[in-house]
Each structure stands twice: as C-alpha cells, then as structure tokens.
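Undergrad: Please model the entire structure based on the sequences and the hints provided.
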Amino acid sequence: MKQRGRHRRRRRGRALRAFLAGTALALTAAATMISASQATVTDDPGALQPLARHSVARQARLTEEAVPPGSLDRLTAAMGAPVGVGDVLADADRTLRPAPDCTPGERRALPVAPAATRAYCWDGDDTRGWQPGAVTTSGDADDDGLWGAHRVVLSGWSAPDRTTGGGRLARVAFVDADDPGRLTYTWVLLAVPVEGGLDYRALASHVSGMVWYGNRLLVTADDGDQAGLYVFDLNRIERAGGTGGAVGRVPGGWSAHGMRYVLPAVAAYRPAGGPDAPRPAALSLDRSTTPDSLVAAEWTLPGSGRHARLWRYSLSPLPQRAGLLSTDADGRAEPTGAYETRASGVRGVLARGGTWYVTRPAGSGDERGTLWRQDVDGARAARCGGEDTHRCWSEGTPSLSYWQETGEGWTQSGRVLFALPLAALDDTAK
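Heads up: the sequence shown is residues -26 to -1, 1 to 404, going by mature numbering (1 follows the signal peptide of the UniProt record, and there is no 0).
Any given hint could be a false lead.
Using C-beta positions, here's what the derived DEER-type ranges look like [to be verified]:
#1 Arg244 x Thr310: 18 to 26 Å
#2 Arg32 x Gly60: 38 to 46 Å
#3 Val224 x Arg102: 23 to 31 Å
#4 Pro43 x Asp401: 47 to 55 Å
#5 Val350 x Arg48: 23 to 31 Å
#6 Ser262 x Pro74: 33 to 41 Å
#7 Arg48 x Thr77: 44 to 52 Å
#8 Gly54 x Arg102: 37 to 45 Å
By construction, these hints were calculated from the structure, which means they are not laboratory data.
Remember, predicted model here, so these are calculated numbers, not experimental data.
For each residue, glycine too, the CB sits at the ideal point set by N, CA and C.
TA: Right under this line is the structure:
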C-alpha cells in the first residue's frame, strides 16, 4: 500500500540534494580526466518532422491482451501469496559499488558532458554474460518519487538461456536507493504464465525499454516473444525456491534460474501493423502531458540512413487501469503523436512535452556516443569541447528515465548505473 509522509520526504529530499552536491565535483573531475578530446560529429539529425497521426496510427497500433484472471489465480494458488516490493528490498543480498570503488575501465562508461552526479558499479561476477538494458525508478511509479517508504531503481538485464540451448532470459534488479551512499539489490526473473497458469516460462527478450507506472511495469518485447510490450503487476511478485538453472515448475516447487523471486506477466500488447510497423524499443514516461504518456522510439541500425520514428501513447487515467495504455472498446491503443528524426541507431529516448532527448551509440572507430535534444525547430547535442565536439556521451545507454522529484535522469552503460540532473542536459546542449 502506498505510504505518504510529506514532512519526512522534505527532510530526505534535502539530505539527498546535499549528497548529490558533495559527489558532483568528484565525478565531474573523473569524467574530464577520462577524455580530454573527442571526435568531431557532423551527423546533426536536425529538427523533428511531425508525422500525420493517421500515417502511423495503424502501423504503431497495439492490441491489449490480458492474461486470463483464472490463470493468474491458479499460479498464485500454486506458488503462495505474492510479496510486495518492500519485501523484495528487505531481502537484498548484493551491493552496488559507489563511484570511488569503480575501476578506471568502468568509469570510462560515464559521459564526459554532462557529468554524472551519481555513479555505481555492478559486480562483474554477478553480471557476467548478462547485457544491461533499461532503467526505471520509483520516480516514474509515483510523482512523489517513493514507493511505499522507499526510493527504488529497477535495472533490466538479459542473457541467452544456455540451460535450454536457445531463447533468452530477462531479469530486473530491485535496487534499494534509500541511502544514496549504499545501494543494495536483489534479482527478480521476468516470466510469462503458460498452460493456463499451471506453469511459467522465461520472458524471451532483451530489456531495451522499461517504465514503472503505478503498480505496473511495462517492458519491451522483441522478436523473441512476438509482442510489443509486456505488462507486469508489482503486487504479484512470487517467491521461487529453486537453485538451479531451470525456469518454472520443478519437482517439489518452482525455479527462477537461481533467483529467489519471479514476476509473471499479467498482459501483453501485440503490434497490429505489418513488417514495417515501428516496434517500441526504447521507452520512457512523460508526466508533462495530460494524461501522462508513454514515450517510445524504434531501433534502427546505426549509420543505416533509415530514420527512426518517435511516438507516444496516452496512459489510462482510470485508477484501476493505472499503468495500462488508453484503449478503445476493442482494446486497441493508438499513438497520440509521432515524429521522425534523421537520427539512426537511437537507443534511449526521453520527452518533456515538445522537447525530445535521444541517445546514439558510438560509431565505427569512436569511443563515445552522442546525446541530442530535438524539437520541431532543430537539434542540439551535448558538447564537451569545441563547437563541433559532440562525442561526449556514454558509449551506449539503452534507456533514459527522469526522476521528477530530484530532477535527475537515470541510465546505465556497461556495468555502471549513473544519474545526472536533467537541467545539465539542457545546459550543455546549447
């Protein structure tokens, strides 16, 4: 149940801002020392081109398919009463290393400009073989920045499922961020109920986009799962006792590839368009619209010359559907606005009204990527030197998430999770 305490939050907010101020100078110096000069960038993506709504509505339309309630109830009856986010955080058994304990190689993942104000590094043994993906936070989940009494970061990862010889696995680190000097976490496997709730399988997808809104978590699904998005209910986290690599029902209980928790999907959104339909690859939340909206971008090959499309869906304003898309009577969700950017290879996307931020990976022979701020009037990139020196962002950040309460943008690259003020993006992209 959502807990509130305005005075406590104000005190915590002041302490958090003081901590951020104390760490900003150290991380700025570290990032500056990493790279004193960067390559020149000439691939300005220019202004966003608005697309007529009808031109993408049919292609980007998603159809909502709920997992039958009977299947979910059957799974719950077999696995036991679900646990809450607070229970998972209380069971955290791992710790992220603060920036001073990161190696020089790990710190190379930090952007030169704008500089990170917070950075943490994942354990190499704990993440070996796993690919980092999207980040979302309790700042997305609720506008007060808290879930219950906690500040929480969710970090998505994926890996090949070597125990079955095919497919993929997807997991999320539930990070307790109450103490900015010490972040702890534990893993939760993402799964999909099968056989009418008698079993579950792993979500076979990269976690390239993820948004936590209300009690629901929306996650992108690539071709491995033949869906556009999956929806998970954070009130339905289940304990799994198996220690091996199996996923699903095992003799005597349930297994989640060695993880102690599993989160089964409660719904999916299927693309309605043809082979050229844009699939959501990057996601973020925009609270500046009415109602709040889910922002999406498609993935295109870097340097392919194929322009990427950006669009948004309205989130349902109905309390019982918080975290689900607004749909018509047939369960169809259509984009409420769309643009085309000349940028290719878009990885992360963030929007605040008419201003969009997109990240692009490093090109051939480059060490760093770029971060562009675009609107219908033009584009500006974060700069770290001369007028045309724009290769100063992290090499690869698969997502961007805005924490409204603190004004921070969160993302991760390699084994580094980091945050920086969104205002810094605007200050450096002029």
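Undergrad: With reference to the structure, classify each hint as holding or not holding.
TA: Checked hints:
1. Arg244 x Thr310: 18 to 26 Å: holds (19 Å)
2. Arg32 x Gly60: 38 to 46 Å: Check passed, 42 Å falls within 38 to 46 Å.
3. Val224 x Arg102: 23 to 31 Å: Between valine 224 and arginine 102, where Cβ atoms are some 24 Å apart, the hint holds.
4. Pro43 x Asp401: 47 to 55 Å: holds (49 Å)
5. Val350 x Arg48: 23 to 31 Å: violated (50 Å)
6. Ser262 x Pro74: 33 to 41 Å: holds (35 Å)
7. Arg48 x Thr77: 44 to 52 Å: Since the Cβ atoms of arginine 48 and threonine 77 sit about 47 Å apart, the hinted range of 44 to 52 Å holds.
8. Gly54 x Arg102: 37 to 45 Å: violated (31 Å)
Hints 5, 8, counting from the list given before, are not met by this structure.
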